[in-house]
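S.K.: So the chains spell out like this:
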Amino acid sequence: MLETLGSLATGFNIALAPQFLAYAFAGCVIGTLVGMLPGLGPLAGISLLLPGTLGLNPTAALIMLAGVYYGAMYGGSTTSILMRIPGEAASVMTCIDGYAMTQRGRGGAALAIAAIGSFVAGTLSVIGLMLLAPPLAEFAIRFGPAEYTSLLLVGLIVLAYMSGGSMPRMLAMAAVGLLVGMIGMDVMSGYARFTGGVIELRDGLGIVPVAVGLFGISEIMLSAAKAREVAVRQPRLRELVPTAAELKDAVAPIARGSVLGFLIGIIPGSAHIISSFVAYGVERRLSKTPERFGNGAVAGVAGPESANNAAASGAFVPMLALGVPSGPIPAVMLAAIMVHGVVPGPLLINERPEIFWGFIASMYVGNVVLLMLNLPLVGIFIQVLRIPYRYLYPLILTLCVIGVYAVGQSVVDIWIMIAMGFLGYAMRKLGYEPAPLVLGMVIAPQLELSFRQALALSGGSYSIFVARPVSAALLVLAVVLLALSVRSALTRRADWRTRLGLEERG
Amino acid sequence: VGGLRDDQASGAALALAGAAIAWQSWQYPLGSVSAPGPGYLPFALGIALLAFGAFIALAGGRSSPFGWQRFDDGPKGLAILAGLAFAALALERLGYRITIAVLLVYYLGVLERRPWVRTLVLTAVVALGSHHLFARWLRVPLPVGVFGF
Numbered sequence: 001m002l003e004t005l006g007s008l009a010t011g012f013n014i015a016l017a018p019q020f021l022a023y024a025f026a027g028c029v030i031g032t033l034v035g036m037l038p039g040l041g042p043l044a045g046i047s048l049l050l051p052g053t054l055g056l057n058p059t060a061a062l063i064m065l066a067g068v069y070y071g072a073m074y075g076g077s078t079t080s081i082l083m084r085i086p087g088e089a090a091s092v093m094t095c096i097d098g099y100a101m102t103q104r105g106r107g108g109a110a111l112a113i114a115a116i117g118s119f120v121a122g123t124l125s126v127i128g129l130m131l132l133a134p135p136l137a138e139f140a141i142r143f144g145p146a147e148y149t150s151l152l153l154v155g156l157i158v159l160a161y162m163s164g165g166s167m168p169r170m171l172a173m174a175a176v177g178l179l180v181g182m183i184g185m186d187v188m189s190g191y192a193r194f195t196g197g198v199i200e201l202r203d204g205l206g207i208v209p210v211a212v213g214l215f216g217i218s219e220i221m222l223s224a225a226k227a228r229e230v231a232v233r234q235p236r237l238r239e240l241v242p243t244a245a246e247l248k249d250a251v252a253p254i255a256r257g258s259v260l261g262f263l264i265g266i267i268p269g270s271a272h273i274i275s276s277f278v279a280y281g282v283e284r285r286l287s288k289t290p291e292r293f294g295n296g297a298v299a300g301v302a303g304p305e306s307a308n309n310a311a312a313s314g315a316f317v318p319m320l321a322l323g324v325p326s327g328p329i330p331a332v333m334l335a336a337i338m339v340h341g342v343v344p345g346p347l348l349i350n351e352r353p354e355i356f357w358g359f360i361a362s363m364y365v366g367n368v369v370l371l372m373l374n375l376p377l378v379g380i381f382i383q384v385l386r387i388p389y390r391y392l393y394p395l396i397l398t399l400c401v402i403g404v405y406a407v408g409q410s411v412v413d414i415w416i417m418i419a420m421g422f423l424g425y426a427m428r429k430l431g432y433e434p435a436p437l438v439l440g441m442v443i444a445p446q447l448e449l450s451f452r453q454a455l456a457l458s459g460g461s462y463s464i465f466v467a468r469p470v471s472a473a474l475l476v477l478a479v480v481l482l483a484l485s486v487r488s489a490l491t492r493r494a495d496w497r498t499r500l501g502l503e504e505r506g
Numbered sequence: 001v002g003g004l005r006d007d008q009a010s011g012a013a014l015a016l017a018g019a020a021i022a023w024q025s026w027q028y029p030l031g032s033v034s035a036p037g038p039g040y041l042p043f044a045l046g047i048a049l050l051a052f053g054a055f056i057a058l059a060g061g062r063s064s065p066f067g068w069q070r071f072d073d074g075p076k077g078l079a080i081l082a083g084l085a086f087a088a089l090a091l092e093r094l095g096y097r098i099t100i101a102v103l104l105v106y107y108l109g110v111l112e113r114r115p116w117v118r119t120l121v122l123t124a125v126v127a128l129g130s131h132h133l134f135a136r137w138l139r140v141p142l143p144v145g146v147f148g149f
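If you're matching them up, the sequences are chains A and B in order.
Going by the working numbering, the first sequence opens with residue 1, and the numbers climb by one from there.
Going by the working numbering, the second sequence opens with residue 1, and the numbers climb by one from there.
So here's chain A without its partners, still in its complex pose (with noise of 0.2 Å):
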């Protein structure tokens, strides 16, 4: 505990330090903004940042954009209570009693008790990123090939089952995430796959293209066509003080939602939008009063936005510990510090601490940041919502031009970014998740690599999989997933997040 703590104190140092601040702040800015802004979630603003931030240092770099995504948390609650939007698709439940509230004239509260919430769900469950991510590191250093492989094949399973979709278009969706992340150079051989004879693709397809175009681009051509004005309210400074009785009705909601997305966080999938619909199913189920959900529950907005903030910490354990992305934007962030020649994994703790300590420390700090800014800027930060949609998706689009291009200085990454565009939009029309996509593709070279090296190990037997405790546990929790999603889809039964996702529509 006491090394632990030293640890901290070193990551305060570096976290204070005036620059690692000021991009701490400017992080949290952006991402307030990014996710206040529809049609740009945390993920094509994180990935559109990325070129930013190749001229920083790794711990730089991964402060920043950890700030745009507890920011984009942050700031989806303000469209949603304020303007019914959801910003981000996060903030989707606290649409329902966040607007409400806002109609009661109670709109100031919802603010103040949402950004509560994301303070002090976003605070535990650093503690908890804190606590858990050194042990976790610890035992994974034992970790070989197979386990990895296992580790990895369990992820888009476990994101896949989570999704509440049909598992055979998850998997699909997975499958073509790892072709995709195949193209190019094979690691061991050196031999070109699917380049068609394109130069630039023998390093194989960059992330940042892929992410922005598959949620970037695809939003803005499902939104710009039914673009419309909307009426911004700006609530009034002294709205924003809830009432005891408010905030006596929120402390439990927050205490749960905190644990709640944390767990659910470290578990891959889209977490912080699963962990919203899940605590704010908890909460109704919970509730004395159900018959308020809907009708303006502090509840309903205390629960769902500490568990999203909550959830954001949580999914940095699986990638800090491990070096395993449990989603699409753990994906992107890792390919942040990998850029910098940083090489993720159990011994990333231990080998740069000054990474680990001061983005850990900087979370602090973000978080306190984000509680000052969001609360008294809210009517400054709003006013951005007055640009209309017709001006403001070609100013995002020029952005991701540039973005995209700056990463790897080629034309061929907007080639990519554009074919990726159309096929998010597709997808999006035919009901396909595009997050295993992003997932399969960046796990795919350190799959494929850990699977060849395993059979190689075991002379070409598949038993390694199994005769290892750590990967044949996995690869159980892998058949059960698969088993329930069978059963599920056989019986024609609507299971827990079928049951979920209805609930929360009706």
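No lab work stands behind these hints: they were computed from the structure.
Among the hints, a few may not be true.
[Said to hold, decoys possible] Straight-line alpha carbon distances no greater than 25 Å define the calculated BS3-like cross-link-like pairs of lysine-lysine that follow:
1. B:Lys76 with A:Lys288
2. A:Lys226 with A:Lys288
3. A:Lys226 with A:Lys429
4. A:Lys429 with B:Lys76
[Unchecked claim] Some chain A residues well away from chain B (every beta-carbon gap over 10 Å; in silico):
5. Ser166
6. Tyr191
7. Ile220
8. Gly345
9. Gln409
10. Ser488
[Unchecked claim] These stretches of chain A come out as covered by chain B in the derived footprint (C-beta under 8 Å, 3 or more residues):
11. 122-128
12. 416-422
Glycine residues also receive a C-beta, built at the ideal position from the N, C-alpha and C atoms.
Given chain A, put chain B in place with the hints provided.
M.R.: Okay, now just chain B, sitting in the frame of chain A:
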């Protein structure tokens, strides 16, 4: 398209893609189980994609009918992509500032029919301002075209 269903169309497309990938991977060295080659895993994934696609198509009889009317925002979406395609073609030929200026005039003036004065002022501010921000302050190397700027 007659009685075709969503999942039948998308499942068939995935199955076809899976078959094409498996065939392509077959051309690469597959290696052996003890020393898998570069074609080994892509081939297996191609077959898996073929299987998932076939399953989705076969089980898709009850999904919603496939109709082009769902893609009613498609023409505008394609017009947006056309602008980006222009940027990809022009960026290294015309240089950053001219490309971004043409792109913004196309989006704001042509596609969104915003007033021309406002379009031109905004275009000039963004094309020159973003160049200053990225090239000077953030030191991101931006392309210079045949005109030398």
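S.K.: State the violated hints by number, sorted upward, taking the hints as numbered earlier in the document.
M.R.: Of the numbered hints, 1, 2, 5, 6, 7, 9 and 11 do not hold.
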